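Colleague: The opening position of the sequence shown corresponds to residue 1 in the numbering used here, with each subsequent residue numbered one higher.
No wet-lab data here; the hints were simulated from the structure. Watch out, some of these pointers could steer you wrong.
[Unchecked claim] Listed next, the in silico DSSO-like pairs over lysine-lysine satisfying Cα-Cα at most 27 angstroms (straight line):
hint, residue 1, residue 2
1, Lys337, Lys247
2, Lys121, Lys80
3, Lys80, Lys64
4, Lys337, Lys20
5, Lys337, Lys327
[Said to hold, decoys possible] The following label-pair restraints were derived from C-beta to C-beta distances:
hint, residue 1, residue 2, range
6, Asn52, Ala98, 26 to 34 angstroms
7, Ala98, Trp319, 43 to 51 angstroms
8, Asp297, Gly334, 42 to 50 angstroms
9, Lys337, Leu307, 27 to 35 angstroms
10, Pro249, Val269, 28 to 36 angstroms
11, Leu316, Pro249, 19 to 27 angstroms
12, Thr21, Ile136, 19 to 27 angstroms
13, Leu316, Lys11, 47 to 55 angstroms
14, Ile55, Lys11, 42 to 50 angstroms
It should be emphasised that the depicted structure is a prediction, and the values quoted were computed from it without experimental measurement. A virtual CB, placed ideally from N, CA and C, is assigned to each residue, including glycine.
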Amino acid sequence: MNQTGIKAFLKRKGVHITAKTYLIDAMGAMAFGLFASLLIGTIFGTLGEKTNIQIFNTISEYAKNATGAALGVSIAYALKSPQLVLFSAATVGIAGNALGGPVGALVSSIVAAELGKIVSKETRVDILVTPGVTIISGVLTAQFAGPGVSAFMTAFGNLVKNATQLQPFFMGILVSALIGIALTLPISSAAICIMLSLDGLAGGAATAGCCAQMVGFAVLSFRENGPGGLLAQGLGTSMLQMGNIVKNPRIWIPPTLASMVTGPLATMVFHLENIPAGSGMGTCGLVGPIGVYTAMDGSANMWLGILLVCFVLPALLTWILGEILRKMNWIKDGDLKLDL
Numbered sequence: 001m002n003q004t005g006i007k008a009f010l011k012r013k014g015v016h017i018t019a020k021t022y023l024i025d026a027m028g029a030m031a032f033g034l035f036a037s038l039l040i041g042t043i044f045g046t047l048g049e050k051t052n053i054q055i056f057n058t059i060s061e062y063a064k065n066a067t068g069a070a071l072g073v074s075i076a077y078a079l080k081s082p083q084l085v086l087f088s089a090a091t092v093g094i095a096g097n098a099l100g101g102p103v104g105a106l107v108s109s110i111v112a113a114e115l116g117k118i119v120s121k122e123t124r125v126d127i128l129v130t131p132g133v134t135i136i137s138g139v140l141t142a143q144f145a146g147p148g149v150s151a152f153m154t155a156f157g158n159l160v161k162n163a164t165q166l167q168p169f170f171m172g173i174l175v176s177a178l179i180g181i182a183l184t185l186p187i188s189s190a191a192i193c194i195m196l197s198l199d200g201l202a203g204g205a206a207t208a209g210c211c212a213q214m215v216g217f218a219v220l221s222f223r224e225n226g227p228g229g230l231l232a233q234g235l236g237t238s239m240l241q242m243g244n245i246v247k248n249p250r251i252w253i254p255p256t257l258a259s260m261v262t263g264p265l266a267t268m269v270f271h272l273e274n275i276p277a278g279s280g281m282g283t284c285g286l287v288g289p290i291g292v293y294t295a296m297d298g299s300a301n302m303w304l305g306i307l308l309v310c311f312v313l314p315a316l317l318t319w320i321l322g323e324i325l326r327k328m329n330w331i332k333d334g335d336l337k338l339d340l
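Required output: the full structure, derived from the provided sequences and hints.
Modeller: Here it is, written out as structure tokens:
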């Protein structure tokens, strides 16, 4: 089969080997898989710990145990896998997560889903061949690649965390700005933080950046989008503004500058910490503040830090900076309008 034939075959099978497919589509769906298992399990675990209601702890345990399967299925779904591949991906996700953490699940599930799609309905014994190829290729990938990629991500995450401990001011700015930007981009800041095991002060800085983007855009666009936009962005996602950012990148300046202020405040003044599951979520479903509460166990300084860093300062700073840019005519009425 020549190169043209191979391209035509892959297109027919729905295999699109692009950065968008694997770094945006797959990772974006991976975030939903994490939210439906590990993240919601963490929230229930915190509720169970603080209220001593056992059913919350039980739900938490089952939800967290389902993380690998949820990752595999969500990634296979994003790659538009047929049914047998989709269902088989649950096994692959479990193996990938066990051997290489979330990034292991990502790599093994991508390989398994794509190979499963290639063989799907190509034989008369599809019921055996498709799940067999999907599971075997995924588990082998998890065994060979999982430990290595997990070790790399852990080492890189430790580097970021240690650097934040040593240089809380500069790293507070850097981590807050970069993770906040990742949250607004069509990639998963939650998945990045979990893959890096970003906790402690670095997790607190990441939380500050994510909150600055979400609360910032919610307040900045209030005159265009009203209460509906406030809730959709403040408790949902600032990713809704990506279309408007492409049209006018200057609207990204106020929340990003706000994050560069709140980041070092989180690391140096309030010493905010977070857990990996909450670091990249911001105010989405209030998971970020809940993660801070879980990590710091409810100190008085923590509550003031959450109030100022996660809500008040992002809103105030972004609004002030936005008004300045509006007067400079860098931001015009309608630039932040959403189709809600």
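Colleague: Look at each hint and say if it fits the structure.
Modeller: Structure-based check of all given hints:
Between Lys337 and Lys247, the direct Cα distance comes to roughly 11 angstroms. Compliance with the 27 angstroms bound is thereby established for this hinted pair. Using a Cα cut-off of 27 angstroms, the hinted pair Lys121 and Lys80 holds, with the two alpha carbons roughly 15 angstroms apart. For the hint pairing Lys80 with Lys64, the CA-to-CA distance comes to about 25 angstroms; that is within 27 angstroms, so the pair holds. Straight-line distance between C-alpha atoms of Lys337 and Lys20 comes to about 26 angstroms, which keeps the hinted pair within the 27 angstroms bound.
The suggested pairing of Lys337 with Lys327 holds, with an alpha-carbon distance near 18 angstroms, which does not exceed 27 angstroms. In this structure the supplied range 26 to 34 angstroms holds for Asn52 paired with Ala98, their Cβ-Cβ distance being about 31 angstroms. A hinted range of 43 to 51 angstroms holds for the C-beta pair Ala98 and Trp319, which are about 46 angstroms apart. At roughly 45 angstroms, the beta-carbon separation of Asp297 and Gly334 lies within the given 42 to 50 angstroms, and the hint holds.
One distance hint, 27 to 35 angstroms for the beta-carbon pair Lys337 and Leu307, holds here, with the actual separation near 30 angstroms. Between Pro249 and Val269 the beta carbon distance is about 30 angstroms. The supplied range of 28 to 36 angstroms therefore holds. In this structure, Leu316 and Pro249 meet the distance hint of 19 to 27 angstroms, their C-beta atoms being roughly 23 angstroms apart. For Thr21 and Ile136, the Cβ-Cβ distance of about 22 angstroms falls inside the hinted range of 19 to 27 angstroms, so the restraint holds.
Between Leu316 and Lys11 the CB atoms are about 51 angstroms apart, so this pair conforms to the stated range of 47 to 55 angstroms. Hint check: Ile55 to Lys11, Cβ distance near 49 angstroms, so the stated range 42 to 50 angstroms holds.
Violation of the numbered hints given earlier is absent; every hint is satisfied by the structure.
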